[in-house]
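**Q** Take a look at the letters that make up each chain.
Protein chains: 2
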Amino acid sequence: MKKINFINPDKIKSWSTLKKTASKGGADFKNVLTPEFVKKSFIEAGGGLTYYYGAKGITPDVITALAELAEEQQLIGKYRRLLNGEIMNTGENRMVLHHLTRGRLGEDLVRDGKNLRSFYLSQQEKIAEFAGQVHSGAVKGSTGKPFDTVVQIGIGGSDLGPRALYLALEPMAVMKARFISNVDPDDAVSVLNSINPETTLFIAVSKSGTTQETLTNMEFARETMKSSGIPGLEPSKHMIAVTSETSPLAGSPDYLRSFYIDDFIGGRYSSTSAVGGAVLSLAFGPETFSSLLQGAAEADRLALEDDITKNPSMMDACIGIYERNFLGYPMTAVLPYSQALQRFPAHLQQLDMESNGKSVNRFGEPLNYQTGPVVFGEPGTNGQHSFYQLLHQGTDIVPLQFIGFTESQRSKDLTIDGSTSQEKLNANLAAQIVAFALGKDDENPNKRFAGNRPSSLIHGKKLTPEALGALLAHFENKIMFQGFLWNINSFDQEGVQLGKVLAKKILSGGEADPLLDFFYRL
Amino acid sequence: MKKINFINPDKIKSWSTLKKTASKGGADFKNVLTPEFVKKSFIEAGGGLTYYYGAKGITPDVITALAELAEEQQLIGKYRRLLNGEIMNTGENRMVLHHLTRGRLGEDLVRDGKNLRSFYLSQQEKIAEFAGQVHSGAVKGSTGKPFDTVVQIGIGGSDLGPRALYLALEPMAVMKARFISNVDPDDAVSVLNSINPETTLFIAVSKSGTTQETLTNMEFARETMKSSGIPGLEPSKHMIAVTSETSPLAGSPDYLRSFYIDDFIGGRYSSTSAVGGAVLSLAFGPETFSSLLQGAAEADRLALEDDITKNPSMMDACIGIYERNFLGYPMTAVLPYSQALQRFPAHLQQLDMESNGKSVNRFGEPLNYQTGPVVFGEPGTNGQHSFYQLLHQGTDIVPLQFIGFTESQRSKDLTIDGSTSQEKLNANLAAQIVAFALGKDDENPNKRFAGNRPSSLIHGKKLTPEALGALLAHFENKIMFQGFLWNINSFDQEGVQLGKVLAKKILSGGEADPLLDFFYRL
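If you read the sequences in order, they're chains G and S. Heads up: the first sequence runs through residues 1 to 522, numbered per the working numbering. Heads up: the second sequence runs through residues 1 to 522, numbered per the working numbering.
Everything labelled a hint here was simulated from the structure, so no lab data went into it. Just so you know, not all the hints are guaranteed correct.
No copy is singled out in the list; a pair is fine if it fits within one copy or between any two copies.
[Stated by the list, open to error] Once the Cα atoms are required to be at most 27 angstroms apart in a straight line, the calculated DSS-like pairs of lysine-lysine come out as:
1) K2 <-> K40
2) K176 <-> K412
3) K2 <-> K13
So here's chain G without its partners, still in its complex pose (with noise of 0.2 angstroms):
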């Protein structure tokens, strides 16, 4: 096996050629978008998507650049040691696995005697088992009457992916979801006020058993059950908890059925694990979750290839490090075409800024170079008619990621006007893209467009199960290439711990901190 370096990219051949290349300035997109050019700029995705970057403005040359970086950083041989159980993430000394919740890629990794593929695997086999029992009423609410309703509490990871997947895919649900995870108790409240407790099944999500928000929210749960004077209401019979299997809610009485997870998946990387397995298969059936991990299998697959002209996420990759690093671009859109990914966006700003918001490398050396950029973003059209003046006119450059799809996720539509919502919904898409990318001149100075905002585009026929595995799945691995080229580690999260530990020290009534004390007693 080839020997893997660790090393910062600016001390690379590729990283100075990037430089020299992009000191000349960022590609007038006029010369570079040329019909020929931009329909064979792209590469399949999996789970029926294509990844398209010809409207992102980025030449030939700059290409062969960004492979030659690639090959510099080693990403296939690192993507490689991680789904073979190298310890990647470093600071915590853990493994990284949430590859191996979808499909057959790597080496069995047998830790301690247990060979953890067959644990997810498990996992996923007995949440399959019990979302049946459910289905078919075998297993039912405390006062007889079959669940109809699953909500999650969880926060962060446990909450943003999850919530974001089952909104992707709420047409299709059996049993409808709802999720729980502010620690302010109107979200609880008004939660908890819409569903009907004898028919609901809640879900704990934590996988240390000891998250103050969703502990607190799941006895309001239990307090809303046992207070609402429903004869026979049994809490501990409406409740399961997806944890780790040496965490305080593991087995416990409070809880109906307990599925596990362990240190090898990260929170924001655990929507294909236990974490979004049992809400989902709960709400969609296990079928529909299996085929949403196939699509993300594919796209693991696709991230191997070495050719970064076949491997969409490490060109989506390479791209975001010559925006970030080279044109000097701090933040990314995404800008989803389809409703039904209104908390897409929300999902992957947790994905990137919490896996690649780093100052250090993963040796702790600080950098002398930007890393993950803020990413924000809400559904077309109604970004446009919002913040798109911005990104049209706005001094600052701001790169964009559209989604898109030929067909509507409901089988419902109008022709209006000679076309229907979903051709006025891509006609739209189509314009932004062009838009964006070559601008319009004009004699008066306010309705000129300077064009050159570089775009890319990941569609699809319809956003299916496998299409939305693939398109989280491509993002994960976008997001782990580039932490790779940072040379960072993107699976920790240490930026989380002084909030949490000064929040602790007020509530503890403790030694008193003037300023604290200030803002908490306001």
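Given chain G, put chain S in place with the hints provided.
**A** Just chain S now, kept in the frame of chain G:
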């Protein structure tokens, strides 16, 4: 009256002063954030709110320079001109009168024989009367059932503001409200599937009466009613319009009633006009809407203060300029510690980015300084478990706008581990402000927090309608002041036009463009 000069800020004295101050680097917050300084760094902001800027890390000499900046750019003079009907939206040759929808500031404005204050007021009164009739049952659905649901169909400014305000006060609702905005048919179908057409009142909101998304979605609603098979269901008895007096919707027989706005109310500034007034008066009753207007009017009055230390929106605006133009921060995060404000960041995103995302000054001359930042945000504590990692430890500094309240909005709460959820929420808020500002050293560089991350806080006892109105107007006025400071027109949005034109070109099937065609036919 003193002469008002519209000049670029880089031509004035305080700009150079600020440049010199900032060139020494931002302040070390440890030296600035003495408890004494922080405790006195606040300004009353209307509606019971207070704006705290002590954790911005701004030194007293910067505040002095910002006060000079405000004076040199004649912020109060320009605001007074705007209130008194000067043409401030120069590109479109229009007055800017959203302040007139709430309160008695400025002179009476009579144009073409029409008193505009009376006009806006009369629309409010007509809406209040109509809402009263709906609530009393005097106006019922076409099948004789009382209305219990209102669905607003609009996009951009006709959607984001009213939606954010509705969600913020939802527990007070007497009729539930839903919103359809996206042209994606999945958006309309999902909402239309969830309502009972017999008891639903639709509001079409489009100033021009020609917004493609809105007309399409109104047709969807009409079609759903027609195809419902419910005998006697008459769509025109379930639809009202908010539009301009000259629009095709005005007085159309397809609508039960029409309420009017005009060209002097910009879409993103229209929440306090009939655009927000109809849906909010129906959802909450006219008294609640009126309280919201009172809160906004209070904030508008406070924005007239010459002294920057007594003018919260002016202080906020000037600090934003310091951060954007002198410290070089291109983004701002809005972080409400209140689940009720879940969509308020999305509204601010439009308000700010569509207003100030401009590259030419009000005379159409290109600028050589940055204008509006990218705005994004999610409610705390959710964000803490998501993108805060980057905010704490990323390579870029993002200024933060916290919002918080002593009490939750729904009265229900629970004490767990010695504190209520609301106390936990507020402990987290206080902890974050201090963590961002002061950071923490650690021998492990991966656990080090550099601190010096600026934040401000808008705080109130409770998110009442008055507080919400003041919050809204605070940001509207802040953004207006920033537009004056940058010498740009904050009230047009030419940047949204090109996309519309190209989308129409595709849909009309005219002369083919190979790139448009390629992306449209994927």
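**Q** Which of the listed hints are broken here?
**A** Violated: hint 1 alone.
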